[in-house]
Amino acid sequence: MKEGFRQAMAWLHTWTGLIFGWLLFAIFLTGTLSYFKEEINHWSQPEVRRHALDPVNSLGLAQRYLEANAAHAGSWMIRLPNAREAALSVSWRDPEAGRRGFVSKSLDAQTGQPVEARDSRGGEFFYRFHFQLEMPYPFGRWLSTFCAFIMLVGLVTGIITHKKIFKEFFTFRPGKGQRSWLDGHNAIGVLVLPFHLMISYSSLVLFMYMVMPAGILASYSGNTGDYFNELFGRDDPPKAANVATPLVPLPTLYAKVQEQVPGARIGYIQLHNPGDSNAQVTFTQASADNIAYKRSAKWTFDGTNGALLSQGAPESGAMATAFSFAGLHMGNFAGPWLRWLYFVFGVAGTAVIGTGLVMWLGKRQLKHAKSEHMPSELRLVEVLNIASMSGLLLAVAGFFWANRLVPVALEGRADWEVNAFFLAWLLSLVHAVLRPGRRAWGEQLALGALAFALLPLVNGLTTGQGLDHSLQVGDWAMAGFDLTALAVGLFLAWAASKMLRAPKPVAKRASRAAKKPTADVVEVG
Amino acid sequence: MLGIALIGFAGFAALCLAMEKHFSDLLGCKPRPQQVRLLRVAGWLLLMLSLVLSVHLRGWGHGLVEWIAVLMAGVTLWVFVLPYQPRLLLGLAAASLVLGPLLAVLAG
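Top line first, the protein sequences correspond to chains A and B. Sequential numbering of the first sequence, starting at 1, is according to the working numbering. Sequential numbering of the second sequence, starting at 1001, is according to the working numbering.
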C-alpha cells in the first residue's frame, strides 16, 4: 500500500511536471528577472539619469510641474524616486481624453523637466508576462495560477517520491549522467525548498480571489470591487466642490508623515481634486519599508489646510498573514544582497524545473538508445524542451537587443521589443524542429552565449553608458545588468561547449543503473 | 548578516561531516562514534546560534527571512562545490567558525 502510494505520487510528479514544466520554466525565469524589474527598467531607459535622493525637493518639483501642466485634471499621482528607481514619475487623468486619458511623465529628479526616454516596457514586460503570459485578461492569470498550483503539487509529490531526503541531503555526484541530473534536481529542490514552497503557495494567496472566489462573492453580494476597497482601505474619492483653492505645499505634508513615522520612505502620493476646496492628498509608505504589504501605512490629508484626515485601518491577523506572503513573494523589502539571493533562488527554482524536463526525456531516450529513430512523441518532447529552455533565453536576449537597436523615434517601438521576444522564441522552435536534438541544444546555447556576452558591448556602443562609464560613475544598476549579461553569456558558452562536444560514454553506467531501478530511487515515471 | 551566514555555513558543514559517508569521503578515515555525536551537536548548536543572533540583530520578521535565505545559500554552495573543491570548502568552514562569531560580535 505504501509503495503504491509512493508510485502514484511519482506518476503525478512525472506527468504534471512534464505537461506544465515548459510553461512553469518560462514563468519562473521571467519571474526571477522581475526581482530586478526596476534595474531592468533603468537599463531599458538609459535616458533617465540617477541623482542623489531628495524627497522634499522632488515633491516640490512634481507639484510645480503638475500645477503648470495638469491643473485641470481631476486626480494626480506622484511616484518619488528611490534607491532603485531614478525617475520622478507623475501621472494624471486627462478629463478631456475620456476614460483612457491617462498621461504619464518621467521627470528628471534634479531639474523637474520631463525626460524623453525611449518607449520601452523594460522589466515591466517580464513582470507582467510571469503572471499574465501576454494573454487576454483573465485567462493568463488563470493559467499561471493553475501552474502555481501544479508547482505546489510537484513539490509535495516530489518530497514524497524522494525517499532519502535526509540521507542524501548533502549529496551531489557530478559526471555520472542521469544519476547526476537526479542528484542536482533533488538537491536544488530540497536545499532551496523553503523558497520554492513560499513562492508557489504565495502565488495562490496572491490570486486567492480567483482561486476561491465563493466567500468573497457571497459576502459582498457579487461585488468584488467592494471587497478590494475594504481590503486595501480605499475610500471613494471626494466630489469636487468647484471652488478654486490653492493646494497646500506637498513638502509640508511630507514633514507631517515624517513626524508620524520617522524615516518612512514614501512610495507614491495620490491627489484628488487638486486646486479645489475638496482636495485630498494620500501618502503611501514605500513597500520597501516593510516585509508585508501594509494598508495602515497610509496617511490622508486635507489638501487645502494640510490637516490629517485619516490613517489606513490596521490589519487583522488573517490579513497580515496574507499580506506577508504577498510581500515575501514580491521581495520589495529586500536590499541589494537579499535581492541577489532572491534572484539566485529564482534561478534555482527554474533549474529544478529544467532538470526535471531533461530527466524525463533522458530516461526514456535510454530505452531507445540502440534504435535509429526516436519515437515521435519523444522527439516532440525534445523539441519543446529545447524551445522552452534555450529558446526562451534567446527570446530574452532578443528583447534586450531590440531595446538597443530599434530606432528610438520609431512609432510603437515598445511593441517591437515584445515582437522581437516572441519572434526569437518562434525561430528557436523552428530551429529545434529542423536540427537534431543535441546539435539544436548546442547551437542555440552558443548563440545565446554570444547574444548575452555581447550585450554590454552593444549597450556601450549605442548609449555610451557601457561598463567603462557605469563603473566609473557608480551606476550599479547599469553595471550590474551588463556584468550579469556577461556572466550568463559565459555560463551558456560553457553549456554549449558541453553539448557540442561528442557525448561522454556514460551509457554503460546508466544502463547498469537502469537494471536495478528500485534499489536507489523510486522510479519517477 | 555575513557573520550569521558564516556561522550557519559552519553548522551545515558540521552536520554534513556528522554523516559517516561524507566524513570518510572528506577526511579519509572512519569517524569514531563520539566524533559523530560531537559534530551533530555542534552543527545543530551553530544553526541555533545563527538563528538567535539573526533574530536578535534584525528582529523577528527580517531576522527569520534573512536567516533562511543565508542558510539556503550557504548549504547550496556547500553541496554543489563539495565534489569539485572539498579542501577549499573544509578550509572555508573552519574559517567561518572563527570569522562568523567575530563578525557577529562586531555587528552587534
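There's no promise every hint is true.
Listed next, the stretches of chain A that the computed footprint assigns to chain B, with coverage defined by at least 3 CB atoms under 8 Å from CB atoms of chain B [stated by the list, open to error]:
no., region
1, 188 to 199
2, 336 to 349
List of simulated lysine to aspartate or glutamate pairs, EDC-like, C-alpha gap at most 16 Å [what the hints assert, rightly or not]:
no., chain 1, residue 1, chain 2, residue 2
3, A, K298, B, E1020
4, B, K1030, B, E1020
5, A, K298, A, E377
6, A, K298, A, E372
7, A, K105, A, D183
8, A, K167, B, E1020
Quick caveat, the hints were computed from the structure, so don't treat them as lab data. Just so you know, these numbers come straight off a predicted model, no measurement behind them. Note that CB positions come from ideal geometry on N, CA and C, so glycine has one too.
Hints, verified against the model:
1. 188 to 199: holds (count 5)
2. 336 to 349: Holds, because 7 residues of the region 336 to 349 of chain A bring their Cβ atoms closer than 8 Å to Cβ atoms of chain B.
3. K298/A to E1020/B: Violated: K298/A and E1020/B sit about 56 Å apart, past 16 Å.
4. K1030/B to E1020/B: holds (7 Å)
5. K298/A to E377/A: violated (56 Å)
6. K298/A to E372/A: Status violated; Cα separation ~67 Å.
7. K105/A to D183/A: Distance of about 51 Å is beyond 16 Å: violated.
8. K167/A to E1020/B: holds (11 Å)
Hint compliance for this structure: hints 3, 5, 6, 7 are not met, and every other hint is.
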